[in-house]
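Could you build all of it, start to finish, from the sequences and the hints given here?
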Amino acid sequence: MKPSLEVLPLNSWIDTNGKPLIIAGPCSAETEEQLVETARQLSRLGTVHAIRAGVWKPRTRPGSFEGMGKEALPWIQRAKEETGLPFAVEVATPEHIELALKYGVDILWVGARTTVNPFNVQEIADALRGVDVPVLVKNPVNPDLALWIGAFERIAGAGITKLAAIHRGFSTGEASKYRNIPLWQMAIELKSTFPDLPIIGDPSHMAGKRAYLQELAQMAMDLNYDGLIVESHIDPDKAWSDAAQQLTPAAFGEMLEHLHIRNVDSPNVDFKGAMEQIRQKIDNVDRQLIEVLAARMALVEKLAEYKKENNVTIFQPDRWKEVHESRAKLGKKMGLYPELVEEIYKIIHMESIRKQTEVMNSNEQSA
5 MKPSLEVLPL NSWIDTNGKP LIIAGPCSAE TEEQLVETAR QLSRLGTVHA IRAGVWKPRT
65 RPGSFEGMGK EALPWIQRAK EETGLPFAVE VATPEHIELA LKYGVDILWV GARTTVNPFN
125 VQEIADALRG VDVPVLVKNP VNPDLALWIG AFERIAGAGI TKLAAIHRGF STGEASKYRN
185 IPLWQMAIEL KSTFPDLPII GDPSHMAGKR AYLQELAQMA MDLNYDGLIV ESHIDPDKAW
245 SDAAQQLTPA AFGEMLEHLH IRNVDSPNVD FKGAMEQIRQ KIDNVDRQLI EVLAARMALV
305 EKLAEYKKEN NVTIFQPDRW KEVHESRAKL GKKMGLYPEL VEEIYKIIHM ESIRKQTEVM
365 NSNEQSA
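For the sequence shown, my numbering gives the first residue as 5, with consecutive numbering after it.
Just so you know, these hints were derived from the structure itself, not from any lab.
Beta carbons are placed, not taken as given, at the ideal position from N, Cα and C, and that holds for glycine.
Fair warning: there could be bad hints in the mix.
Taking lysine-lysine pairs in the DSBU-like style, the calculated list, with each CA pair at most 30 angstroms apart, reads [said to hold, decoys possible]: (1) K285 with K336; (2) K359 with K333; (3) K213 with K242; (4) K181 with K195; (5) K106 with K84; (6) K195 with K61; (7) K166 with K84; (8) K350 with K336; (9) K312 with K350; (10) K350 with K325; (11) K350 with K181; (12) K181 with K337; (13) K61 with K181; (14) K74 with K166; (15) K74 with K106; (16) K106 with K61; (17) K311 with K359; (18) K325 with K337; (19) K195 with K350; (20) K325 with K312; (21) K213 with K195; (22) K181 with K213; (23) K84 with K74; (24) K84 with K61.
Here are the computed distance ranges between Cβ atoms for each label pair [as the list claims (entries may be wrong)]: (25) T361 with P7: 29 to 39 angstroms; (26) M338 with N121: 43 to 53 angstroms; (27) S330 with A278: 34 to 44 angstroms; (28) G73 with H328: 44 to 54 angstroms; (29) G73 with S270: 44 to 54 angstroms; (30) L340 with P122: 37 to 47 angstroms; (31) T361 with I265: 47 to 57 angstroms; (32) E37 with N272: 47 to 57 angstroms; (33) L340 with E86: 51 to 61 angstroms.
Dropping the structure here:
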């Protein structure tokens with residue numbers, strides 16, 4: 005059975021005037037003046053709908069700045085009073101939730117290191133029972149869609165209906181220019197599972213460096229995300245955490261000005277007709293692709309029979325190396341990203357191994 009969530013529309017719990025939700029603020033609340041002044045400058049932009057700041061900062065290793073904790077909560081109250089904007093913080097324990105709500109925090113989010121642990125998520129869900137507050141859930145650190153879905157199901161099970169996802173990218177161990185590889189398809193799959201669930205892009209944690217923020221924010225908008233959550237600090241180079249990925253409020257405002265917000269659809273009849281024609285052509289090409297894949301697997305099956313007759317192993321490293329390299333080069337010549345072709349052929353190769361294993365062991369299993 006396909007999972008489902010009862011999710012209220014984003015505009016039912018925060019007024020964005022029909023525009024993408026913009027949440028911004030420092031990675032960490034460091035001092036009262038730093039937090040309040042950042043909030044003031046962001047508020048003056050007129051494009052920010054909520055302020056964010058880390059109060060409790062779960063770090064990978066001890067010894068790093070781990071947030072000011074409860075001491076920062078009165079600063080949030082002052083920032084709210086001066087700007088009139090709602091405030092969002094990360095919570096990781098029932099105690100965090102109790103304190104945040106006591107000091108008037110408006111929006112809670114569950115961090116990536118918490119989402120990855122169902123025990124922690126369930127404790128948070130239990131603490132939220134009977135509370136009416138928006139809860140944003142970041143994707144788990146590693147690319148595991150089931151964990152992300154499970155976190156929403158647990159929190160929704162506590163009666164929370166003001167929900168949204170934060171897509172902040174994933175740690176995969178692969179080399180990348182980004183701090184966390186976006187893996188956009190993972191967020192698209194989440195949206196396919198829960199069509200009513202708003203998705204907010206977090207380009208700061210994807211990028212790790214401010215130079216990549218614009219391109220990642222634009223990609224999120226091009227994929228019809230419901231908003232962005234971005235780290236902004238009055239003096240980013242002196243920030244106590246994640247200095248390289250934060251923007252000044254002025255630079256953040258400039259980034260937003262350069263964002264191109266596209267329409268979900270167009271009323272233009274010619275546009276709709278042209279789109280339908282192109283989609284029909286794509287459907288035909290996809291049909292051909294599947295037919296070609298089926299033909300390739302038939303050849304793989306025949307190959308496996310010859311290997312079996314001659315007592316030859318399934319996996320041939322030299323042949324795989326040749327296929328892997330030559331197809332990537334061919335794809336590049338034809339205008340495709342080599343990485344795309346490599347990933348496709350990894351999947352094809354795994355299916356080839358499975359098919360050959362099936363053929364090689366067929367008689368033994370039936371004997």
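Would the pair K325 and K312 pass a check requiring their Cα atoms to be no farther apart than 30 angstroms?
Roughly 22 angstroms separates the two Cα atoms, so the pair holds.
When you check the alpha-carbon spacing of K195 and K61, does it fall within 30 angstroms?
holds, 28 angstroms
Distance restraint evaluation - M338, N121, Cβ atoms, bounds 43 to 53 angstroms:
The hint (43 to 53 angstroms, Cβ to Cβ) holds, given that M338 and N121 are roughly 44 angstroms apart.
Please work out if K350 and K325 have their alpha carbons no farther apart than 30 angstroms.
holds, 11 angstroms
K61 and K181: Cα distance at most 30 angstroms?
Holds: K61 and K181 sit about 24 angstroms apart, inside 30 angstroms.
Using the Cβ atoms, figure out if S330 sits within 34 to 44 angstroms of A278.
holds, 36 angstroms
Between K166 and K84, is the straight-line Cα distance small enough, at 30 angstroms or below?
This hinted pair holds, its Cα atoms lying about 21 angstroms apart.
Is the Cα-Cα distance between K311 and K359 30 angstroms or less?
Within the cut-off at roughly 13 angstroms; holds.
Lying within 44 to 54 angstroms: is that true of the beta-carbon distance G73 to S270?
Taking Cβ atoms as reference, G73 and S270 lie about 50 angstroms apart, which means the hint holds.
K84 and K61 were given as a pair; does the straight-line alpha-carbon distance stay at or below 30 angstroms?
It holds: about 21 angstroms lies between the C-alpha atoms, which stays within 30 angstroms.
Given the hint of 29 to 39 angstroms, is the C-beta distance from T361 to P7 inside that range or not?
Given about 33 angstroms between the Cβ atoms, the range holds.
Does the alpha-carbon distance linking K325 and K337 stay inside the 30 angstroms limit?
holds, 19 angstroms
In the structure shown, no violation is registered for any of the earlier numbered hints.
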